[in-house]
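Number of protein chains: 2
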Amino acid sequence: MEQQNVIGIDIGGTTVKLAFVTYDGEIIHKWEIPTVVEGGPEGMVEDIATSIRNEQRKLDLSHEDFKGIGAGAPGYISLEEGIVYEAVNIGGWKDVPLSKLLGEATGYNVRIENDANLAALGEYWKGAGDKAEDLLAYTLGTGVGGGIIANGELLHGANGTVAELGHMTVIANGGRHCNCGRTGCLETEASATGIARSALDGIEQGRSTSLKEQYDQSGEISARDVFEAAADGDELAKEIIDHVTNVLGLAISNMAIAINPSKIVIGGGVSKAGDQLLEPLRSKFDRFTLQRTGSAVEFVIASLGNDAGVIGAAYLARQ
Amino acid sequence: MEQQNVIGIDIGGTTVKLAFVTYDGEIIHKWEIPTVVEGGPEGMVEDIATSIRNEQRKLDLSHEDFKGIGAGAPGYISLEEGIVYEAVNIGGWKDVPLSKLLGEATGYNVRIENDANLAALGEYWKGAGDKAEDLLAYTLGTGVGGGIIANGELLHGANGTVAELGHMTVIANGGRHCNCGRTGCLETEASATGIARSALDGIEQGRSTSLKEQYDQSGEISARDVFEAAADGDELAKEIIDHVTNVLGLAISNMAIAINPSKIVIGGGVSKAGDQLLEPLRSKFDRFTLQRTGSAVEFVIASLGNDAGVIGAAYLARQ
Chain A
1 MEQQNVIGID IGGTTVKLAF VTYDGEIIHK WEIPTVVEGG PEGMVEDIAT SIRNEQRKLD
61 LSHEDFKGIG AGAPGYISLE EGIVYEAVNI GGWKDVPLSK LLGEATGYNV RIENDANLAA
121 LGEYWKGAGD KAEDLLAYTL GTGVGGGIIA NGELLHGANG TVAELGHMTV IANGGRHCNC
181 GRTGCLETEA SATGIARSAL DGIEQGRSTS LKEQYDQSGE ISARDVFEAA ADGDELAKEI
241 IDHVTNVLGL AISNMAIAIN PSKIVIGGGV SKAGDQLLEP LRSKFDRFTL QRTGSAVEFV
301 IASLGNDAGV IGAAYLARQ
Chain B
1 MEQQNVIGID IGGTTVKLAF VTYDGEIIHK WEIPTVVEGG PEGMVEDIAT SIRNEQRKLD
61 LSHEDFKGIG AGAPGYISLE EGIVYEAVNI GGWKDVPLSK LLGEATGYNV RIENDANLAA
121 LGEYWKGAGD KAEDLLAYTL GTGVGGGIIA NGELLHGANG TVAELGHMTV IANGGRHCNC
181 GRTGCLETEA SATGIARSAL DGIEQGRSTS LKEQYDQSGE ISARDVFEAA ADGDELAKEI
241 IDHVTNVLGL AISNMAIAIN PSKIVIGGGV SKAGDQLLEP LRSKFDRFTL QRTGSAVEFV
301 IASLGNDAGV IGAAYLARQ
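The listed protein sequences correspond, in order, to chains A and B. With the first letter of the first sequence counted as 1, position 151 gets the number 151 in the working numbering; the numbers rise by one all the way through. With the first letter of the second sequence counted as 1, position 163 gets the number 163 in the working numbering; the numbers rise by one all the way through.
Keep in mind that the hints were calculated from the coordinates and are not lab data.
Pairs of lysine-lysine residues, derived as DSS-like cross-links and limited to a Cα-Cα distance of at most 30 Å, are as follows:
1. B:LYS131 <-> A:LYS100
2. A:LYS67 <-> A:LYS100
3. B:LYS30 <-> B:LYS131
4. B:LYS131 <-> A:LYS94
5. A:LYS238 <-> A:LYS284
6. B:LYS284 <-> B:LYS238
7. A:LYS30 <-> A:LYS272
8. B:LYS131 <-> A:LYS131
9. A:LYS131 <-> A:LYS272
10. B:LYS94 <-> B:LYS30
11. B:LYS284 <-> A:LYS94
12. B:LYS94 <-> A:LYS131
13. B:LYS100 <-> A:LYS131
14. A:LYS284 <-> B:LYS94
15. A:LYS284 <-> B:LYS284
16. A:LYS30 <-> A:LYS100
Every value quoted in this text rests on a predicted model; they were computed, and no experiment measured them.
If we strip away everything but chain A, and leave its shape as in the complex, we get:
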């Protein structure tokens, strides 16, 4: 029997990304639909099922051309039980049996996981992770997400909170408030939001910086602005990048000491800084990690961009 295609779904706060993917991980067709939370999980599931049928029809593909569905969502998810325990960003779902609902609506077997975990799995399978059996993935975006591959498998954890790498405490006393209700999480310092906030804090403290003029003109500052200002020699921006890479280097080295990875994949908006991020990060990481642990590690920038989630979801569907 021929090895069948699969369907990868990545449910996000703004859009649901979908893709038809070959058994070998090539995207045949991808598209997205808006995330509409008002109809609850049932409404969203119906939107997804209808959209899949429409796209299959357009492409002259039948139900039987696909083996099953993998789906990711932002929240605490149990693969084993097929339940989304909690997903704040898509309408505050609680204990939603997503595998069952989506299975009934589409007629496919459905496997679900946390979106950041699936992005890690995607990078492992077809991206910069290059099938490294032991791999850490960080997504530095609005927040900080993570995924861990160890012994060649995505880790799933006991109750849907595995690889919540953005919530490692990096500032034990004080530190900024985090959406999780605590303080000092990695996410509050090393996310795009955290980096921008560090710039605003500096401006508020009256630091002399090229970022002030920009802020006065446009009313906003992005992480990208901070990296650009640092490249132009701005002292405050350079200090912020030094701080961010120091905190991130410490957090990643502490994780590397546990997992002993051969690849560390950095993705998300902040990773667009490329070597301007990776070079200082590598040097801070080496300072904090065991020499032998460090010698096994290669840092790489994620290569799949926004497709990582649907490709990881497809890999999950394949299993």
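Here the structure of chain A is known, so what remains is to put chain B in place on it, guided by the hints.
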């Protein structure tokens, strides 16, 4: 065919522990021999092989009564390659093909792993870990060792440094020197040695403490002394335990956020303090971890004592 017995070996700096273990993990017979490093790996392997044959003869067991050998040693080890990359405490071995040497000397298939990893595997299989599919194990002894079970499997890592949990950096700036060459490792604060040193530091700083009298009389202070003094209300001892559980709570919570375990097993000499350790540790842990992550976790004291290593080794041999 009947499921065969296996042989578990735990090579330590002072003694080599050996056990004949049933397929189900019951110890039939256990014994130990001194660790003699002078003859190099070949000498030690010969000692072990001879001792196994002698004990088999004594017990009227034959070579064929056993399926194979699992062995642990303190160092950086590759299970896959069967090589001890580096083992400082047993004569400074470097790149020793232990599986091959021990296999040739005994006629059995041999699988090797780091000793702390095997202790974790032992506790998982037959001890306090109770087959929790996601589990962290810490051994708080002279140093701090660790092992991680995730997705129901012992993690092996990329180059033999997996779960070196004692070398998580817990004091980013300053901190005590560690044997690994860096500073601020968990081991420098939360090992038995670290706890005793904190007491000595307090005495040197002229703190008023019942530990001083004891030190003046006996010339030494142990971690156990510190726990006993704290139970009697000694302020310095109470502060040390507060500090140790704080540092340990932070380190373990940062690891729990990655692994999302349902069990955290604490072993080694320091764990003999029991609830006097676990109660403050739990409260510090909860402060630093995600609420949902914390809700999945049970802290338990290791139950196999010095047998954990040979039982974990037996489990490895069985696979």
